[in-house]
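Keeping their order, the protein sequence lines are chains E and F.
Note that the first sequence covers residues 1 to 560 in this note's numbering.
Note that the second sequence covers residues 561 to 787 in this note's numbering.
Hints were generated in silico from the structure; no laboratory data involved.
Any given hint could turn out to be false.
[Claimed, not checked] Pulled a few chain F residues facing chain E out of the computed Cβ check, cut under 7 Å: (1) Thr610; (2) Leu736; (3) Asp737; (4) Thr749.
[Unchecked claim] Now the stretches of chain E that chain F is said to cover, found in silico as 3 or more residues with beta-carbon under 8 Å: (5) 221–231; (6) 461–474.
[Said to hold, decoys possible] A short, non-exhaustive set of chain F residues, derived as facing chain E with CB atoms under 10 Å: (7) Arg580; (8) Ser582; (9) Val583; (10) Pro585; (11) Ala609.
Computed from a predicted model, the values in this text were never measured in an experiment.
Ideal Cβ placement from N, Cα and C applies to all residues, glycine included.
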Amino acid sequence: MSARTRRSSDQPERVLAVWVPDWPLVAAGVGSDEPAAVFVANRVVAATPAARAAGVRRHMRRREAQARCPALAVLERDAERDARRFEPVVQALEAFTPRIEVARPGRAAFPTRGPSRYFGGDRALAERIIIAVQAVLAHEPPGTTAPIGADDQPGRANAPILTVGVADGPFAAEHAARTAYVAAQRGEAPVWIVEPGAQADYLAPLSLDALDRPELTEVLHRLGLRTLRDFAGLAERDVLGRFGPEGAEAHRLARGLDARPLRTEPAPPDLVVTAELDPPAEQVAPAAFAARGLADELRRRLDARGSVCTRVVVVAETENGERSERVWRHASTETGRALTAGAIADRVRWQLDGWLNASVRQRPTAGIAHLEIHPDEVTAADGRQLGFWGADPGTADRAARAIARVQGLLGAEAVSVPEYAGGREPAEQLRLVPAGAVDLTADRPAARPDWVSAPWPGQLPHPAPATVLAAPTPVDVLDATGRSVRVDGRGTPTAAPDRLRLDGRTRRITSWAGPWPVDERWWDPERHSRRARFQVVTDDGTARLVVLERGRWAVTATYD
Amino acid sequence: MARGELAEQIRPTALAREQRLSVLPALGELIPGDGIRRGSTLSVDGPAATSLALATAAAASQDGAWVVAVGFPSLGLLAAAELGIALERFVLVAAPDTRPGPDNEETVWATALAALLDAFEIVLVQASHRVRPRDGRRLVARTRERGAVLVQVGSRGWSEGAEVTLEITGSSWEGLDEGHGHLRSRRVTVVGGGRREAARPRQVELRLPSAEGAVEAVLPEPVRLRA
Chain E
1 MSARTRRSSD QPERVLAVWV PDWPLVAAGV GSDEPAAVFV ANRVVAATPA
51 ARAAGVRRHM RRREAQARCP ALAVLERDAE RDARRFEPVV QALEAFTPRI
101 EVARPGRAAF PTRGPSRYFG GDRALAERII IAVQAVLAHE PPGTTAPIGA
151 DDQPGRANAP ILTVGVADGP FAAEHAARTA YVAAQRGEAP VWIVEPGAQA
201 DYLAPLSLDA LDRPELTEVL HRLGLRTLRD FAGLAERDVL GRFGPEGAEA
251 HRLARGLDAR PLRTEPAPPD LVVTAELDPP AEQVAPAAFA ARGLADELRR
301 RLDARGSVCT RVVVVAETEN GERSERVWRH ASTETGRALT AGAIADRVRW
351 QLDGWLNASV RQRPTAGIAH LEIHPDEVTA ADGRQLGFWG ADPGTADRAA
401 RAIARVQGLL GAEAVSVPEY AGGREPAEQL RLVPAGAVDL TADRPAARPD
451 WVSAPWPGQL PHPAPATVLA APTPVDVLDA TGRSVRVDGR GTPTAAPDRL
501 RLDGRTRRIT SWAGPWPVDE RWWDPERHSR RARFQVVTDD GTARLVVLER
551 GRWAVTATYD
Chain F
561 MARGELAEQI RPTALAREQR LSVLPALGEL IPGDGIRRGS TLSVDGPAAT
611 SLALATAAAA SQDGAWVVAV GFPSLGLLAA AELGIALERF VLVAAPDTRP
661 GPDNEETVWA TALAALLDAF EIVLVQASHR VRPRDGRRLV ARTRERGAVL
711 VQVGSRGWSE GAEVTLEITG SSWEGLDEGH GHLRSRRVTV VGGGRREAAR
761 PRQVELRLPS AEGAVEAVLP EPVRLRA
């Protein structure tokens with residue numbers, strides 16, 4: 001890729017932003033009149049208008065959302081599906097201009113200078129784009145790999161809404177697209193155009209939440225600032241001194257400037273990383289694996305120069321010479337200020353997934369033989385963000401990279417991280433999620449004990465067992481006469497437990513306590529569980545948690 | 561401003577901690593020298609070895625260190641949290657099945673461990689098989705080179721390289737009776753050994769876990785006055 005024309009002033013270039021609101025739901029094939037919400041780690045990340053009308057909000061816990069809207073369809077986030085379904089939209093946009101930037105599925109943007117002149121102005125361009133993308137959205141989904149149950153009638157009555165914003169700079173354009181959404185709700189055209197140079201005035205009355213930087217916003221709120229105008233009124237050097245580069249970046253956005261001053265440089269060619277795939281990859285997985293290695297390599301080269309990368313161009317070519325090229329930008333809502341190796345690898349996977357699973361007409365005719373990543377916007381790494389908002393993210397980054405390598409060696413499922421969940425048993429209160437499914441460099445509230453706020457009556461007293469068996473081991477708990485101990489309807493054991501027979505060996509029980517009864521999900525005949533739990537210590541000094549359920553005893557945990 | 565003053569201000573404040581990872585006060589006597597020296601290897605064995613290994617990592621984890629546990633298929637996560645591990649910086653890695661046979665399985669395991677030592681401050685490892693002496697030496701050397709801390713749990717380690725060895729020789733549970741009470745705490749006797757500053761033999765009584773789930777030193781029984 002040749003070096004792009006660099007802007008010569010501090011004024012951002014004019015950008016058109018396309019936004020499909022609630023993309024995860026659109027990609028899942030849910031109509032806007034059905035109450036549904038997409039969840040990540042038990043929190044709402046997107047909801048349909050029908051669900052919002054019932055009171056479902058972002059960041060809400062699942063239980064609360066379901067309480068407000070009992071008919072709510074609960075969907076899990078599927079980033080790959082989101083990206084795959086967005087690919088036809090991006091292809092439709094590519095008919096207008098080759099430089100499409102995708103911050104994340106559901107949002108795309110491009111500089112309008114050329115296309116606006118060609119199509120006769122920003123508004124004319126915006127209207128053409130709406131028609132083109134609407135056509136894709138109405139006919140293209142659900143695509144070839146639609147899950148069963150997804151809406152598969154072409155030309156749905158309830159086509160997803162689409163908005164377009166045009167302004168100077170991607171930040172203002174993105175918000176213009178939001179304003180366009182509000183206009184569309186009033187029955188106007190879903191287009192909002194901010195006149196050239198007017199973006200600072202347009203942004204001024206917006207709430208600080210528009211910055212989408214919750215930690216910063218919270219501090220500013222405490223300082224008595226409410227709108228972007230208030231924030232923009234602070235002196236730049238004070239903001240930099242107090243809030244570091246990330247704060248300074250937000251300050252520039254609030255003033256209607258580009259997030260970064262023009263320090264970005266055309267990337268030197270030695271930063272471009274390439275891989276030849278032999279044999280060519282017909283499936284996404286092997287290509288994505290190669291991409292992961294490329295992203296790590298790129299990261300190493302950038303580290304060596306003390307740089308970070310905020311935008312990459314990903315190029316894939318097949319044996320037959322077909323080519324897919326896409327610009328990916330670091331989204332302002334992501335953590336950190338630049339693309340991490342993991343984020344780049346994810347984007348390559350999305351792009352390839354969209355390409356290889358496109359409709360027959362657009363799909364390449366051969367496997368992917370060549371992969372290239374160009375760092376398109378490289379800027380100096382301004383050091384680690386120590387202290388102000390928490391721990392050193394550098395170590396988290398390192399850990400995430402090491403994990404990626406270990407996943408390559410042992411398999412993706414070999415690495416997992418704990419998250420809190422509600423439950424009464426030691427095995428339920430914390431669960432393991434695959435490390436690939438979470439961003440370790442981001443704040444993870446689900447890994448903190450205050451994540452589960454509601455009390456769970458029936459939890460066992462402290463301390464917790466150090467070994468929790470994945471599958472309970474059957475045992476016999478016998479009384480002094482050698483009969484199996486039972487628990488009667490009032491929760492009293494029929495006799496004192498005296499011996500424990502485990503793996504053919506019998507041990508004397510020296511002390512015991514219980515039962516702690518649990519009666520769960522009595523309303524659900526299939527999952528109803530009634531059990532009695534005992535702690536027993538045997539003569540070898542080992543303490544165990546044994547459970548009686550449906551007449552069978554099993555060891556579920558060892559206090560070792 | 562005098563140059564010395566300026567240097568004082570610029571110097572990273574973490575310097576004092578750089579060479580040592582802090583440990584819980586209750587373990588201060590077992591791990592001499594005011595913390596675990598970076599680059600060192602610990603070996604923990606005995607009936608409550610998992611709990612003790614987690615406890616050695618707890619203080620550093622609270623301070624911001626990343627901890628990974630390799631080869632603990634049924635680790636009680638709640639117990640880990642109670643012992644003081646910060647779960648947002650805790651990662652579990654399943655050991656590959658080690659079928660007897662091709663020895664490259666073992667090499668993969670050692671390579672994965674080496675990768676983890678590059679990035680994590682503390683690596684807890686429970687080997688499900690005998691570790692080849694060559695791999696063991698390599699990992700101990702890697703630990704030293706990267707300034708990580710390697711904690712071997714259980715008897716299948718390769719403890720000849722360990723700076724600090726901790727062995728639990730006695731353990732008994734408190735709080736449970738014939739049909740009432742509940743498991744409250746466990747008294748363990750830990751015998752410490754090792755090399756260099758840890759060479760002096762020492763024996764400590766701990767509550768591991770204590771009634772709150774953490775670790776505490778067992779203080780000498782107060783003298784009771786007979787009524």
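Evaluated hints:
1. Thr610: Where the cut-off is 7 Å and the nearest Cβ of chain E is about 5 Å from threonine 610 (chain F), the hint holds.
2. Leu736: 4 Å, holds
3. Asp737: Status holds, d = 6 Å.
4. Thr749: 12 Å, violated
5. 221–231: Check failed, 0 qualifying residues.
6. 461–474: This one holds; 10 residues, not fewer than the three required, reach chain F with a Cβ under 8 Å.
7. Arg580: It is violated, given that the least Cβ distance between arginine 580 (chain F) and chain E is near 17 Å, above 10 Å.
8. Ser582: Status violated, d = 15 Å.
9. Val583: 19 Å, violated
10. Pro585: 19 Å, violated
11. Ala609: 8 Å, holds
Hints 4, 5, 7, 8, 9 and 10 from the list above are not met by this structure, while the remaining hints are.
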